[in-house]
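Enquirer: The listed protein sequences derive, respectively, from chains A and B.
Position in the first sequence counted from 1, then plus 19, gives you this note's numbering.
Position in the second sequence counted from 1, then plus 27, gives you this note's numbering.
By construction, these hints were calculated from the structure, which means they are not laboratory data.
Remember, predicted model here, so these are calculated numbers, not experimental data.
Accuracy of the hints is not assured; some may be wrong.
What the hints assert, rightly or not - In silico BS3-like cross-links for lysine-lysine, where the CA-CA straight-line distance does not exceed 27 Å:
no. : chain 1 : residue 1 : chain 2 : residue 2
1   : B       : Lys38     : B       : Lys110
2   : A       : Lys118    : A       : Lys68
3   : B       : Lys89     : B       : Lys105
4   : B       : Lys42     : A       : Lys118
5   : A       : Lys68     : B       : Lys105
6   : A       : Lys68     : B       : Lys38
7   : B       : Lys71     : A       : Lys88
8   : A       : Lys96     : B       : Lys71
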Amino acid sequence: AQSVAQPEDQVNVAEGNPLTVKCTYSVSGNPYLFWYVQYPNRGLQFLLKYITGDNLVKGSYGFEAEFNKSQTSFHLKKPSALVSDSALYFCAVRGLNQKLVFGTGTRLLVSP
Amino acid sequence: EAGVAQSPRYKIIEKRQSVAFWCNPISGHATLYWYQQILGQGPKLLIQFQNNGVVDDSQLPKDRFSAERLKGVDSTLKIQPAKLEDSAVYLCASNQLTGLNTEAFFGQGTRLTVV
Chain A
20 AQSVAQPEDQ
30 VNVAEGNPLT
40 VKCTYSVSGN
50 PYLFWYVQYP
60 NRGLQFLLKY
70 ITGDNLVKGS
80 YGFEAEFNKS
90 QTSFHLKKPS
100 ALVSDSALYF
110 CAVRGLNQKL
120 VFGTGTRLLV
130 SP
Chain B
28 EAGVAQSPRY
38 KIIEKRQSVA
48 FWCNPISGHA
58 TLYWYQQILG
68 QGPKLLIQFQ
78 NNGVVDDSQL
88 PKDRFSAERL
98 KGVDSTLKIQ
108 PAKLEDSAVY
118 LCASNQLTGL
128 NTEAFFGQGT
138 RLTVV
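Here chain B stands alone, though its shape is the one from the complex:
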């Protein structure tokens, strides 16, 4: 079974530029998460999708961050414009929609550096 795929693995941009990350979840997984992990901290949930609908985006800085999951499969997360404090690893995860007891599977993440 293929895992969660993310690209790119690394990205360096200047502040005020825009950037996009892509995630392809495990086939058949209805729930998709985007997390931000700042160095030395735990993952912070940015947005959670169930199929192509948003379940929770309460911690997404909506003035600069946006995410979509148009066909209920892969997803993109965009930052525009980026700030220095956006430097972090962005993790995508997915799990099956079969209840609360299913574990989430994570991709390897995209490391963003904003200079």
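Isolated chain A (complex conformation):
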């Protein structure tokens, strides 16, 4: 069965600084990896995905993620954080059974 770990409950960063939100995964076969963002009282919004190809994936709102097969990681990054990026971020993995499994989430807090 596939699983996702997000080791940090919260990440704090100052506006303008780079940010990283960590994710590691476990899945049989090739990984299909996703990042979603959740704002208060809203559903999850898709940010980006890794399927195959380049290890650096670019997504919405200036976010990107780096896939590392040897470390089974898929960390979310952004070169310059905005206060409006403050939200809850979820990493997810899909396995061969089509099941989409989420991590526990990381709260990103960007201070002015």
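Start from chain A and add chain B according to the hints.
Expert: Relative to chain A, chain B alone:
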């Protein structure tokens, strides 16, 4: 393109009552998911449909939860009887049946409070 529609947005019920949630996925999306998100936790998959068939319901508490997707389009999730620990946001999502690489789109969720 219309998104995933869910209703109601909020529901408050007493324990032991029953409740139903409705979801209309994006048109043409064959796969439909119901997730339970308890405050402070990640979404937990309850049931996954492919058209009107169940792909996975291993984490659905079948003694009290049921779900159906009769015509392979919209879906209902029911809880009967509700318990206090069922208080959560229930999220519906859908994606196209074109492989493992398609992203799922989520509705805004139904926030259930059981008192």
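Enquirer: Does each hint hold? Answer for all of them.
Expert: Hints, verified against the model:
At roughly 14 Å between alpha-carbon atoms, Lys38 of chain B and Lys110 of chain B fall within 27 Å of each other, so this suggested pair holds. Only pairs whose Cα atoms come within 27 Å are accepted, and Lys118 of chain A paired with Lys68 of chain A is accepted, the gap being roughly 15 Å. Distance check on the hinted pair: Lys89 of chain B and Lys105 of chain B sit about 10 Å apart at the alpha-carbon level, within 27 Å; holds. For the proposed pair Lys42 of chain B and Lys118 of chain A, the alpha carbon gap of about 31 Å is over 27 Å, so the pair is violated.
The straight-line distance between the Cα atoms of Lys68 of chain A and Lys105 of chain B is roughly 32 Å, outside the 27 Å bound, and the hint therefore fails. Among the hinted pairs, Lys68 of chain A with Lys38 of chain B is inconsistent with the structure: their alpha-carbon atoms are about 33 Å apart, more than 27 Å. Pair hint Lys71 of chain B plus Lys88 of chain A holds up; C-alpha atoms about 25 Å apart against a cutoff of 27 Å. Proximity of Lys96 of chain A to Lys71 of chain B is assessed by CA-CA distance (about 25 Å); at most 27 Å being required, the pair is judged to hold.
Comparing the model with each numbered hint stated earlier shows that hints 4, 5, 6 do not hold.
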